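Spelled out, the chains give:
2 protein chains.
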Amino acid sequence: MGLPKSLTIYEVGPREGFQIEDGPISTNDKVKLINCLSETGLTSIEVTSFVSPKWVPQMADAEEVLSKINRKQEVSYRTVYLNVKGLQRAYQNDVTLDGVLMLTASETFSKKNTNKGIDETLSAIPHWIQAYQEFKIPVDQIAVMAAFGCNYEGEINIQKVMNTIQQAIDRVEENGESIKKIKLADTMGWANPEQIKETIYTIKKKWPQMKILLHLHDTRGLGLANAYAAMQEGVDEFESAISGLGGCPFAAVKGAAGNIATEDLAFMCMEMGVNTGVDLDLLLDCARMTEGIVGHSLPGHLMRGGLFQR
Amino acid sequence: MGLPKSLTIYEVGPREGFQIEDGPISTNDKVKLINCLSETGLTSIEVTSFVSPKWVPQMADAEEVLSKINRKQEVSYRTVYLNVKGLQRAYQNDVTLDGVLMLTASETFSKKNTNKGIDETLSAIPHWIQAYQEFKIPVDQIAVMAAFGCNYEGEINIQKVMNTIQQAIDRVEENGESIKKIKLADTMGWANPEQIKETIYTIKKKWPQMKILLHLHDTRGLGLANAYAAMQEGVDEFESAISGLGGCPFAAVKGAAGNIATEDLAFMCMEMGVNTGVDLDLLLDCARMTEGIVGHSLPGHLMRGGLFQR
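So the sequences go chain by chain: E and P. Residue numbering for the first sequence follows the numbering used here, beginning at 1 and increasing consecutively. Residue numbering for the second sequence follows the numbering used here, beginning at 1 and increasing consecutively.
Any given hint could be a false lead.
Result set (DSS-like, lysine-lysine): computed pairs, CA atoms no more than 25 Å apart in a straight line [to be verified]:
id, chain 1, residue 1, chain 2, residue 2
1, P, Lys116, P, Lys54
2, P, Lys197, E, Lys197
3, E, Lys197, E, Lys181
4, P, Lys254, E, Lys254
5, P, Lys197, E, Lys5
6, P, Lys197, P, Lys160
7, P, Lys5, E, Lys197
8, E, Lys68, E, Lys54
9, E, Lys181, E, Lys211
10, P, Lys181, P, Lys160
11, E, Lys72, E, Lys136
12, P, Lys180, P, Lys206
No lab work stands behind these hints: they were computed from the structure. Bear in mind the structure is a predicted one, so any value in this text is a computation, not a measurement.
Extracted from the complex, chain E is given alone in its bound form:
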């Protein structure tokens, strides 16, 4: 299969990236970066999360950020919510809402991260569907965290991932909704290219119409190799973070690489003739701005390697 002709990048830096930073990041800096990203041609930016400020103080200014950014018509502004209260806050702040059900493929990580095991998470699906339906949001996406490996459980068997997805799809269909997209997250950076290909091949074989969105981390350096492998299987939607923000809280050493860097992904695509619609010079401006905001160097490569001036 050839590579996709074009590819959509979902920027998650302002949310996932800033969230992990120790130092306080001012609301103005967040707004400045989001506005800069809005000019690059990106069509989706995850700007903040509606979670408890007690647990994630960095996101306490969610409403303020959303009220201050210059919204562009072509850009979808997205947020994260982990419960119905968060969904309500998101709804009130005029963001793009996805009817997404969050699952985890590792039992241990699921319990550590969400206080719920896999079965309990699956059992809560009707509750989520009801909440989404109250807001008239179609429930059409499943997100699977730790889909490729887990620091606590090691390798995650692909059949386990498939079973979890199947169970979620069954519950969704029982409630009159239909899943159209699966997001696979390599939350702890364990995927390898061959595993990516096998997983996507297996999902596509079972559900040929399913859209797949990949969320990749570069914790062990394989991020872009994994993205390339996925593109070979036809995947054309990726989440990434400007400048490679978003270090991994589960890595051996603080300061490990974070999400794959938006500008590096976009560069790889450009060089291979895959259209992303983004302006790399403007993305590099954003990447350098991000380093200035967090006050330390970030893992993105292109901002150091530089572009050839054609």
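Please arrange chain P on chain E, whose structure you already have, making use of the hints.
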């Protein structure tokens, strides 16, 4: 084509990596790292270069390094030489000698880097062959620098690479020798995975028996994606540097990523079931030692991401 079952890593960190470091690196530190690398299962280590200390002061201790290391039978110790005098010094110091002819695919870079254009370099081949023959070294390898792109000339057309190789092969055969291996170096970090595949496919189509060795830089973050793409085309020999040493002197910013990191490449192979024969825990010890020696952080990912303790 499936991936190769096993893969050979040629470590170049102590030479290419240390060469670019500004600060002085003591002979003892070099010896310590080379001895540590010798215990990892690597079968080839490029330890120094026989060049003029006037131009490359970091390598002035070449003879001393070679006299002090603990040589292991299973390891080939290699060096770089750019003229016949260097070759003589290498010969006197009991290292593994390759009959390699160095070419450059970019005219501008060739002139800047070696003071000779492509034609002049090709014309010098008989002179090199004579020198090698005096030392009874078979001339069986061609190395092509800037084979995938150049900061001065941009994209390097694959036909230009093929023509240069063909001309070199012709001259070698006229002199009774036969090329068995081509090393392609992405000297300035411009290759992308699709270009890698196309280039290797084209070379293999023309010379099906030719071995290909890749020398990849991670300047713009595509290093391991390129390695994966090459493995898909059957390439099973790579040069890399421990901890990603070897920053690119041609990058936009000093401190750009260097060669692909040996431990990251070996990790990717291990995860995909491709045997490299190296011990990753020992390689990580070497990577951390290297950071200690150069006194600044280096780009290797695995030493920060960590290994899962299976």
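Each hint tested on the structure:
1. For the proposed pair Lys116(P) and Lys54(P), the alpha carbon gap of about 20 Å is at most 25 Å, so the pair holds.
2. Of the supplied pair hints, the one linking Lys197(P) and Lys197(E) holds, its CA atoms being roughly 17 Å apart against a limit of 25 Å.
3. Restraint check for Lys197(E) and Lys181(E): the C-alpha separation of about 17 Å stays at or below 25 Å, so the hint holds.
4. As the CA atoms of Lys254(P) and Lys254(E) are separated by approximately 24 Å, the hinted pair is consistent with the 25 Å bound.
5. With a C-alpha separation of about 18 Å, the suggested pair Lys197(P) and Lys5(E) falls inside the 25 Å cut-off, and the hint holds.
6. At roughly 16 Å between alpha-carbon atoms, Lys197(P) and Lys160(P) fall within 25 Å of each other, so this suggested pair holds.
7. Taking the CA atoms of Lys5(P) and Lys197(E), the gap is about 18 Å. The hint holds against a cut of 25 Å.
8. A distance of roughly 23 Å separates the Cα atoms of Lys68(E) and Lys54(E); the hinted pair therefore holds under the 25 Å criterion.
9. Only pairs whose Cα atoms come within 25 Å are accepted, and Lys181(E) paired with Lys211(E) is accepted, the gap being roughly 4 Å.
10. The straight-line distance between the Cα atoms of Lys181(P) and Lys160(P) is roughly 18 Å, inside the 25 Å bound, and the hint therefore holds.
11. For the hint pairing Lys72(E) with Lys136(E), the CA-to-CA distance comes to about 24 Å; that is within 25 Å, so the pair holds.
12. Of the supplied pair hints, the one linking Lys180(P) and Lys206(P) holds, its CA atoms being roughly 13 Å apart against a limit of 25 Å.
Every hint from the earlier list agrees with this structure, and none is contradicted.
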